[in-house]
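If you read the protein sequences in the order shown, they are chains A and B.
Residues 1 to 199 in full-length UniProt numbering are what the first sequence lists, from first letter to last.
Residues 1 to 199 in full-length UniProt numbering are what the second sequence lists, from first letter to last.
Residues from chain A shown here face chain B by an in silico Cβ test under 7 Å; the list is partial:
# : residue
1 : Phe70
2 : Ala109
3 : Arg115
4 : Leu126
Some chain A residues well away from chain B (every beta-carbon gap over 12 Å; in silico):
# : residue
5 : Arg16
6 : His19
7 : Gly20
8 : Gly61
9 : Arg185
Quick partial rundown of chain A residues pointing at chain B, CB under 8 Å, derived from the structure:
#  : residue
10 : Leu69
11 : Pro102
12 : Trp106
13 : Ile108
14 : Ala110
15 : Ala127
Source of the hints: derived by calculation from the structure; they are not laboratory data.
Note that CB positions come from ideal geometry on N, CA and C, so glycine has one too.
Protein chains: 2
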Amino acid sequence: MNADLLQALPPGRDRRLAHGEALFRAGDAALGLGLVRQGVLELVRTSPEGRRLVLHRAGPGETFAEASLFESHHHCDAIAAVSSLVTVHPAAELRRVARADPGLAWRIAAHLAARLVAERARAERLALPHAADRLLDVLHALPPEPDGTRRLGRSWKSLAAELGLSHEATYRALARLERAGLLRREGGDRVRLPAAATA
Amino acid sequence: MNADLLQALPPGRDRRLAHGEALFRAGDAALGLGLVRQGVLELVRTSPEGRRLVLHRAGPGETFAEASLFESHHHCDAIAAVSSLVTVHPAAELRRVARADPGLAWRIAAHLAARLVAERARAERLALPHAADRLLDVLHALPPEPDGTRRLGRSWKSLAAELGLSHEATYRALARLERAGLLRREGGDRVRLPAAATA
Numbered sequence: 001m002n003a004d005l006l007q008a009l010p011p012g013r014d015r016r017l018a019h020g021e022a023l024f025r026a027g028d029a030a031l032g033l034g035l036v037r038q039g040v041l042e043l044v045r046t047s048p049e050g051r052r053l054v055l056h057r058a059g060p061g062e063t064f065a066e067a068s069l070f071e072s073h074h075h076c077d078a079i080a081a082v083s084s085l086v087t088v089h090p091a092a093e094l095r096r097v098a099r100a101d102p103g104l105a106w107r108i109a110a111h112l113a114a115r116l117v118a119e120r121a122r123a124e125r126l127a128l129p130h131a132a133d134r135l136l137d138v139l140h141a142l143p144p145e146p147d148g149t150r151r152l153g154r155s156w157k158s159l160a161a162e163l164g165l166s167h168e169a170t171y172r173a174l175a176r177l178e179r180a181g182l183l184r185r186e187g188g189d190r191v192r193l194p195a196a197a198t199a
Numbered sequence: 001m002n003a004d005l006l007q008a009l010p011p012g013r014d015r016r017l018a019h020g021e022a023l024f025r026a027g028d029a030a031l032g033l034g035l036v037r038q039g040v041l042e043l044v045r046t047s048p049e050g051r052r053l054v055l056h057r058a059g060p061g062e063t064f065a066e067a068s069l070f071e072s073h074h075h076c077d078a079i080a081a082v083s084s085l086v087t088v089h090p091a092a093e094l095r096r097v098a099r100a101d102p103g104l105a106w107r108i109a110a111h112l113a114a115r116l117v118a119e120r121a122r123a124e125r126l127a128l129p130h131a132a133d134r135l136l137d138v139l140h141a142l143p144p145e146p147d148g149t150r151r152l153g154r155s156w157k158s159l160a161a162e163l164g165l166s167h168e169a170t171y172r173a174l175a176r177l178e179r180a181g182l183l184r185r186e187g188g189d190r191v192r193l194p195a196a197a198t199a
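Bound conformation, chain A alone (with noise of 0.2 Å):
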């Protein structure tokens, strides 16, 4: 979240959530505005033949549920990834201070604006056809360590999930982009680009 926007923001409730606990379940009375201190809270929905699909993956700094502001209730589940602090501004609360001070609406509409680009380029993302070129594309947005490789952050599986692909899809576009040199798995969550691959 934007610093200029949390400095506007009435207090809000903690809450510490154990890995795998839901902050709420589609269907719930809307909370408000979530916001990650500690961990990951991924949005998850599940199709109606069992598919999981992570919606939204917001880690430290950033917001989730934003439209849930708004709205009567939840349209998806929020579950803690890992062991997670989040604090959450009721709805009604940021209306009341936002009738009083014009520059906290405009700013909650900046930042819904920027969460939304962040949004259509996901969906962009996305409608690569092939598993390889969202993985090459995620991979290369991600900023060098010191020692030239770049870290995930995040298992595999966590991944994949957020691409819409299976594990097997995932493993296998791996394997494909490493025989093609195209990156190398250097252990854990880091891999190394080659040069020639960025260019």
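Once you've looked at the hints, dock chain B against the given chain A.
Frame of chain A, contents of chain B only:
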């Protein structure tokens, strides 16, 4: 756009666009919030390899370029997919009015939150691994006509771009769905979805 927000907006500037004409290009100074009155605006990004990706497709009553209210430049092209009429609400003007009317900024935020939810739904659709699933998902979301058919309301080519599919993959998937009895093409942009398939 929400009627509530539409009434609260200060007047914008109308602009007529011929088929294929650009309202703005990536890198242009941001115009502000756009609203389609007639026709269709496509927000398009072209990859370095020349692949054309439709990021957003706005029809009558829908907004586009929402994020440009808070940014200095556009990050994609806005092209009229057919002869169109749009209204542009300049950012500076909206900001001035919102300062005097805190309710306007809140309404803009609510609108952006709704767009965010729509973009996530789009990403969810794009995460479906098979072309046929993406197509069925779009077609089942169309309202049935009185005769029971559903009208795409755009070309199959335009839908393919929207779903990140090649035309060939789209036509192959349509043929496969038809052979499987999951849809019937009725000519033009009309299809019929058997009752069994909607269950």
